[in-house]
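Take a look at the letters that make up each chain.
Number of protein chains: 2
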Amino acid sequence: MSDQIKFILDENRLPESWYNIAADLPQAAPPVLHPGTGEPIGPDDLAPLFPMALIMQEVSTEREIEIPGEVRNIYRQWRPSPLFRARRLEKVLDTPARIYYKYEGISPAGSHKPNTSVAQAYYNKQQGVKKLATETVAGQWGSSLAMACAMFGLECKVFMVKVSFRQKPYRKALMESYGATVIASPSTETDAGKAILAEHPDSSGSLGIAISEAVEVAAKDADTKYSLGSVLNHVLLHQTVIGEEALLQFEQADDYPDVIIGCTGGGSNFAGISFPFIGRKMRGEQDVKVVAVEPAACPSMTRGKYAYDFGDTAHLTPLVKTHTLGSSFVPPPVHAGGLRYHGMAPLVSHLLEIGQIKAQSVHQLETFQAGLQFAKAEGIIPAPEANHAVAGVIQEALRCRESGESKAILFNLSGHGHFDMQAYSDYLAGKLKDYEYPEKEIAMALAGLPSVG
Amino acid sequence: MSDQIKFILDENRLPESWYNIAADLPQAAPPVLHPGTGEPIGPDDLAPLFPMALIMQEVSTEREIEIPGEVRNIYRQWRPSPLFRARRLEKVLDTPARIYYKYEGISPAGSHKPNTSVAQAYYNKQQGVKKLATETVAGQWGSSLAMACAMFGLECKVFMVKVSFRQKPYRKALMESYGATVIASPSTETDAGKAILAEHPDSSGSLGIAISEAVEVAAKDADTKYSLGSVLNHVLLHQTVIGEEALLQFEQADDYPDVIIGCTGGGSNFAGISFPFIGRKMRGEQDVKVVAVEPAACPSMTRGKYAYDFGDTAHLTPLVKTHTLGSSFVPPPVHAGGLRYHGMAPLVSHLLEIGQIKAQSVHQLETFQAGLQFAKAEGIIPAPEANHAVAGVIQEALRCRESGESKAILFNLSGHGHFDMQAYSDYLAGKLKDYEYPEKEIAMALAGLPSVG
Numbered sequence: 049m050s051d052q053i054k055f056i057l058d059e060n061r062l063p064e065s066w067y068n069i070a071a072d073l074p075q076a077a078p079p080v081l082h083p084g085t086g087e088p089i090g091p092d093d094l095a096p097l098f099p100m101a102l103i104m105q106e107v108s109t110e111r112e113i114e115i116p117g118e119v120r121n122i123y124r125q126w127r128p129s130p131l132f133r134a135r136r137l138e139k140v141l142d143t144p145a146r147i148y149y150k151y152e153g154i155s156p157a158g159s160h161k162p163n164t165s166v167a168q169a170y171y172n173k174q175q176g177v178k179k180l181a182t183e184t185v186a187g188q189w190g191s192s193l194a195m196a197c198a199m200f201g202l203e204c205k206v207f208m209v210k211v212s213f214r215q216k217p218y219r220k221a222l223m224e225s226y227g228a229t230v231i232a233s234p235s236t237e238t239d240a241g242k243a244i245l246a247e248h249p250d251s252s253g254s255l256g257i258a259i260s261e262a263v264e265v266a267a268k269d270a271d272t273k274y275s276l277g278s279v280l281n282h283v284l285l286h287q288t289v290i291g292e293e294a295l296l297q298f299e300q301a302d303d304y305p306d307v308i309i310g311c312t313g314g315g316s317n318f319a320g321i322s323f324p325f326i327g328r329k330m331r332g333e334q335d336v337k338v339v340a341v342e343p344a345a346c347p348s349m350t351r352g353k354y355a356y357d358f359g360d361t362a363h364l365t366p367l368v369k370t371h372t373l374g375s376s377f378v379p380p381p382v383h384a385g386g387l388r389y390h391g392m393a394p395l396v397s398h399l400l401e402i403g404q405i406k407a408q409s410v411h412q413l414e415t416f417q418a419g420l421q422f423a424k425a426e427g428i429i430p431a432p433e434a435n436h437a438v439a440g441v442i443q444e445a446l447r448c449r450e451s452g453e454s455k456a457i458l459f460n461l462s463g464h465g466h467f468d469m470q471a472y473s474d475y476l477a478g479k480l481k482d483y484e485y486p487e488k489e490i491a492m493a494l495a496g497l498p499s500v501g
Numbered sequence: 049m050s051d052q053i054k055f056i057l058d059e060n061r062l063p064e065s066w067y068n069i070a071a072d073l074p075q076a077a078p079p080v081l082h083p084g085t086g087e088p089i090g091p092d093d094l095a096p097l098f099p100m101a102l103i104m105q106e107v108s109t110e111r112e113i114e115i116p117g118e119v120r121n122i123y124r125q126w127r128p129s130p131l132f133r134a135r136r137l138e139k140v141l142d143t144p145a146r147i148y149y150k151y152e153g154i155s156p157a158g159s160h161k162p163n164t165s166v167a168q169a170y171y172n173k174q175q176g177v178k179k180l181a182t183e184t185v186a187g188q189w190g191s192s193l194a195m196a197c198a199m200f201g202l203e204c205k206v207f208m209v210k211v212s213f214r215q216k217p218y219r220k221a222l223m224e225s226y227g228a229t230v231i232a233s234p235s236t237e238t239d240a241g242k243a244i245l246a247e248h249p250d251s252s253g254s255l256g257i258a259i260s261e262a263v264e265v266a267a268k269d270a271d272t273k274y275s276l277g278s279v280l281n282h283v284l285l286h287q288t289v290i291g292e293e294a295l296l297q298f299e300q301a302d303d304y305p306d307v308i309i310g311c312t313g314g315g316s317n318f319a320g321i322s323f324p325f326i327g328r329k330m331r332g333e334q335d336v337k338v339v340a341v342e343p344a345a346c347p348s349m350t351r352g353k354y355a356y357d358f359g360d361t362a363h364l365t366p367l368v369k370t371h372t373l374g375s376s377f378v379p380p381p382v383h384a385g386g387l388r389y390h391g392m393a394p395l396v397s398h399l400l401e402i403g404q405i406k407a408q409s410v411h412q413l414e415t416f417q418a419g420l421q422f423a424k425a426e427g428i429i430p431a432p433e434a435n436h437a438v439a440g441v442i443q444e445a446l447r448c449r450e451s452g453e454s455k456a457i458l459f460n461l462s463g464h465g466h467f468d469m470q471a472y473s474d475y476l477a478g479k480l481k482d483y484e485y486p487e488k489e490i491a492m493a494l495a496g497l498p499s500v501g
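Sequence lines, in order, name chains A and B.
The first sequence begins at 49 in this note's numbering and counts up one residue at a time.
The second sequence begins at 49 in this note's numbering and counts up one residue at a time.
These aren't lab readings, by the way, just hints derived from the structure by calculation.
One thing to keep in mind: the hints can contain errors.
For identical chains, the list gives no copy identity; a pair is met inside one copy or between any two copies.
Said to hold, decoys possible - Straight line, CA to CA, 30 Å or less: simulated DSS-like cross-link-like pairs of lysine-lysine:
| no. | residue 1 | residue 2 |
| --- | --- | --- |
| 1 | 329 | 268 |
| 2 | 139 | 173 |
| 3 | 337 | 353 |
| 4 | 481 | 173 |
| 5 | 268 | 406 |
| 6 | 139 | 178 |
| 7 | 179 | 479 |
| 8 | 329 | 242 |
| 9 | 353 | 139 |
Bound conformation, chain A alone (with noise of 0.2 Å):
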């Protein structure tokens, strides 16, 4: 086993292609649905939303990708990224187990999101896209797609929950930098919001809104796609690059995970770390456990419903099959607001139902407070949504602690938390709290579940 901390890939050992999970399922993930007929969509029920490269990749069953090259030009600017071992976390917790975690945080948007905002800018201007429409909640997926379409001349718009357009001037100014336009969500640009609008004049909006907005405009303007920055296959298919990587860094390292753990909201960095890995296991090559951590306040996974519903609130998308807590359903305002997500990506869903993952919730509290020990020992100081990764990964190292065990645990820190600091100074300040299982709205919102599938 190496004594190194960091395992760095030479750029020439980028990975030439995403790895594609479809290929490896013992049994397809349920089908995509067409909300009028109940039916399963075809690649062309999706063309007005997105370019067809993309769509062929959400349909796909070839086991390996080819990243483009201007791609991964793009890419080699912050790819490979590192593979950390946390020496000294390891330390101050006192625990037999060997701690890696990938870092994300080093993209030029600090986080893991341009993985997939650079490949769907791409593959849009390849097919003569000039305007990209996206919703963002944070801003860490504004700001990424910003970053790409300022690279490929596209023009970018982003909807913005209101109640971030008012709190975070910050992520709004870095996609005004990148040169987006930014909108706060509802508004009146379009019939989705002005409905809401009509009546709850005072919405503060919601991602299911800012998502309806954004469909709505790429639906009605031909030179206008959308794009979405977790949920989808392609966006998860993107997203694996880091696992691709990290099956190499675990090579120099001369070690293997036998936990991986990663943050839960749409599921694309968790399925970014995991499905290369996850894809070794059902091929019977090396087996890992893998562990999805999301939010007490939002569970999807650990107290939602396996069933079709759909991905925004106004109803627009096609119907996907997911753990979700109902498209209506409004998360309390947690600080990880990337992980504020009714559903689950299908995929990540398939995989929890077939046996492949599990899944576990944390509170906020505890998630800022194992960020805070995670920032002391290694200096990183992590997004809020990658503290619930860092909770779970310090909860598996004291078991090990207690059992003695010497397990190889890997993470994905999908981002750091310069954009966070409000998060971090009101949990210091002692103003953040532990939400309830908000029990009474998700059992209303599911009640509203639409009755296909």
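Position chain B relative to chain A; hints supplied.
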């Protein structure tokens, strides 16, 4: 010449020594003087403020000073930092110049400052010091020292200029996240602070005042030492790891810089990237043009006087020969807070005097325009300080377009701008302005120079 865009080094190629430019100077820099006697000071005079190992580095003339193993272990987390070829920016500028940048924003604190904070914390810990006191303006330095103190189990007290303390709660939160105590300066904790408050109860503070407070705390408490983030020889020394790596990376790139450009406030990031190259020039090995870029609103090198001056407002520091605007000068509120200092590192000033480097100034609006052009092309949004270097680089690259010369230009991208989005937001909203040369204020401050040296 390599066609790669990123030059990384394996962690086993992390330099084993810092480079001490004092060894190669054709004539030594003027000595540091005791303010009372006007005589050169000795190591013992500095002992109340610094551990002896750092004092010996301050006066050393050895060319190579070994980086302790424990410091290298921590460096490994973000070092060697990447050297990038800015091919997309070159294309946008339509220049035959080859633009390279060393990127220090991947450190946990987001800037080059941890290169010295980690070393300083280490040597203090070695000597049994319990606590470090320092000052910070924008918070880059304070957060870097707070991080290093957390790693070595030292207490950390940061005097933060009051106007920043109020305007930059996120930097404060970062320091507190690492466990530091942050105090608004001027404070009632020191005589220096009390004296200012007695005269100006509403004082919003300045770097000079904050230095006085931190120095006073260290001088009065045997368990506490003082730590400075720039200006001093040993601080510049620690930053040379940047340039030492760049030398190796240029070998990889099969290229060599014709021009090196850095922004200057106190001089440490500039020294870090340039000193190893200037050393080669002074030893007659390879020529290079080196340019320091400073704010037109705080033009110590281009408009200041080369004279002995204090480093602080309360005149508690020794006297150093420096390009100064006068220690009582309070620079206009440009957003590049890290460059708002009345003086310059004595070693950098000396190099300017003996003709080894050049200096130029740029106005604020040009720096933000340059920073945004860089961000849209390269993805990374630079800190406002680093935008000064970017502006100088773009000027040089456009001169190359005029002349048709294909020069290799290297600059230090000393930090990312993720903590500085208010500045970008203000720029995009048209709220920023350029400042006239503060002629009267500087003349007044210079009239108060001490009459020694």
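Evaluation of the provided hints:
1. 329 - 268: neither (43 Å within a copy, 62 Å between copies)
2. 139 - 173: between (48 Å within a copy, 18 Å between copies)
3. 337 - 353: within (23 Å within a copy, 66 Å between copies)
4. 481 - 173: Classified as neither; 44 Å inside a copy, 37 Å across copies.
5. 268 - 406: neither (40 Å within a copy, 57 Å between copies)
6. 139 - 178: Cα proximity of residue 139 and residue 178: across copies only (21 Å, versus 52 Å in one copy).
7. 179 - 479: between (41 Å within a copy, 29 Å between copies)
8. 329 - 242: neither (48 Å within a copy, 66 Å between copies)
9. 353 - 139: Neither: 40 Å inside a copy, 51 Å across copies.
The structure shown violates the earlier hints numbered 1, 4, 5, 8, 9.
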